[in-house]
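Chemist: The lines below spell out each chain.
There are 2 protein chains.
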Amino acid sequence: MSSAKKVRTQPPYELLYWPVIPGRGEFIRLVFEATGTSYKDISNESKDGINAVLACKDDKLTVDDDGNPPAFAPPALRVPGEGKDGKSLVLYQTPAILSYLGDKLDLAGEDEAEKHWVLSHALTALDLNNETHDTHHPISVGAYYEDQKDEALKRATDFRENRIPKFFGYFERVLKGNEPQGEGKHLVGKKLSYADTTLWHVLNGLKFAFPKEVEAREKDYPLLFESFYTSVQERSGLKEYLASDRRQPYSNGVFRHYPELDRQ
Amino acid sequence: MSSAKKVRTQPPYELLYWPVIPGRGEFIRLVFEATGTSYKDISNESKDGINAVLACKDDKLTVDDDGNPPAFAPPALRVPGEGKDGKSLVLYQTPAILSYLGDKLDLAGEDEAEKHWVLSHALTALDLNNETHDTHHPISVGAYYEDQKDEALKRATDFRENRIPKFFGYFERVLKGNEPQGEGKHLVGKKLSYADTTLWHVLNGLKFAFPKEVEAREKDYPLLFESFYTSVQERSGLKEYLASDRRQPYSNGVFRHYPELDRQ
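Sequence lines, in order, name chains A and B.
Numbered by our numbering, the letters in the first sequence go through residues 1 to 264 in order.
Numbered by our numbering, the letters in the second sequence go through residues 1 to 264 in order.
Think of the hints as simulated: they come from the structure by calculation, not from any bench.
Bear in mind the structure is a predicted one, so any value in this text is a computation, not a measurement.
Careful, some of the hints might be misleading.
Note: identical chains are not told apart, hence a pair may lie in one copy or across any two.
[Said to hold, decoys possible] Simulated pairs of lysine-lysine, DSS-like, Cα-Cα distance not exceeding 25 Å: (1) K47 x K60; (2) K207 x K84; (3) K40 x K104; (4) K212 x K149; (5) K166 x K60; (6) K57 x K149; (7) K166 x K87; (8) K149 x K207; (9) K87 x K176; (10) K239 x K149; (11) K84 x K104; (12) K190 x K84; (13) K84 x K176; (14) K60 x K176; (15) K207 x K219; (16) K207 x K239; (17) K239 x K104; (18) K191 x K84; (19) K190 x K87; (20) K191 x K239; (21) K219 x K176; (22) K176 x K149; (23) K57 x K219; (24) K166 x K57; (25) K219 x K60.
Please take these sequences and the hints and turn them into a complete structure.
Modeler: Set out below in C-alpha cells:
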C-alpha cells in the first residue's frame, strides 16, 4: 500500500486539529483523502503545528489578523486566499467545514435537494458521534471517565439498547429508500458524499468502542453493514488512506473501548 | 401588538414540528418571523397537522412520495415545488434547515466567508441548546427527569460552572471581534443572520431555565446581554412575534425550569 498522498488541487487546505487522535478532525481528513485532495494536517505534519491549533481557539482571541472569528473548538480549516480581501479564511465546526468542502470537492450531491440531504444526514451521523462521546462522559467533559463511571454505565446501557438501534434503523431506511440510485452504497443519489464518509467513520468507531454490541446487531441492518460500510472503505483514496500511517489509531478520543460499557 | 403574520413571499414554507412547545422548531420560526416570511406552522395551525409530523419521521418510511428521505426527528421543512421534478422538498435537521433558509431569506451574511461563519456560530449556539437539554436528561432521553435527577444535579452543576462561561465567553469575544461592523448587535458582519436569532433564543431559554445563574453572570458579558440580546428582540418582526400568541411558552421541552438545577 502506498502511504503517499495523491495531489489534485489547490488551494492549500490546512486542517487545524489536535495531533495523534482521529477525533472530529477525521471527518475532515476523510473528505480530502476520498477525493485525492492535497491538504496539510498541520499538527501531525509539523513540530510547531499545535501552536496554530491553540492560537485559533485562544481564550483571548476576538478576531484574527485576517478578520476571522475565533474557533470555539477544533477542528478548524484554514484556506489561504479564500477569505476577506484575498486573506486566509478560517472556518470551524465540523458540519460547517464539511459543508464548505462538500461544495468545493464535489461531495455534496448533484442538486440543491441532494446538497441539503447530504448535510442533514451528516449532521445525524455527527449526532451519533456525539452521543457516543457522552457514553463515557455523561456528566462532565472536563472530568475523568473514572470519576463518572457509574453514570457512564447507565448512559451506555441506554445508548446501546435505545439509541444505537434508532440510528442504525434510520440509516438502513435511508439506504433502502435510495437503493435504486445508490445501490446501498450511498445515502444520497448516485455518488459518494461527505454524509457517506462521515457515517462510515462513526460506524468504524462504534465497532471499535462497542464491538460486542455492533456484532450482535449488524445482521439486522444488511444494507448498512454489508453493502454501505464495506463499499465505502474499499473506495480508491480511502482504501489507501486507511492502510497508511496517516490514519491514526483510536485511543482516548470520542471512540474508546471500555469493555464494561459494551454488551456483556 | 398585532398577532397577524406579515406576508412577504412564496413558496409556501411548511414547518413540521411538534405542537405547543417552542423546542427546536423555534429556531426555524424565528427566521420566518424576523424576515416577515409567510409560513405554515402545520401542527399548531391545523387539527390534523400532527399527522404530517408523524408521517415524515415514521419508523417504516424509507422514501416519501416526492422522493425525500425520512426525517430522523422533527423539525422538518417542506417546500412545495422545490424538490425533485418540481415536487415537494423535505429537509430535516435544524442546522440544515437554517442553512437552506438562510440563503433564501438573506439571513446568511454577505459573502461566502460570512455564510460559513454564520453556520459555524449557529451550530455552536445549537450545541449550547443541546447541552442545556442534557442537564435534565443526562442518562436517557427516553426516561423521566425524576428517574435521572441525581445525575442531572451533577451535570447541571458542571454545565453552570464550566460550560455556560465557556459559551458566553466565546460569543462575547465574537461580538467584540465583529464590533466595528456589527456594533455588538450581530455575530457576523453588518446585518441580522440566523446565527443571531438562534443564539438569541438559546439565551432566552437559559434565562428561563437557569434564571439565577444567568443573572449572576450576565454583567460579565456586556456585549452579549446588554447590546446583542436586547437589540435582537427589539427588531421589527421579532418584537411583534414575541408579543404574539404564536410564541409558545416554555414548558417540558429543551428549556425547563427546575429550581434545584439552578444556582443555589
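Chemist: Which earlier hints turn out false for this structure, listed by number in ascending order?
Modeler: Going through the list in order, the structure violates hints 2, 6, 7, 10 and 22 and respects the others.
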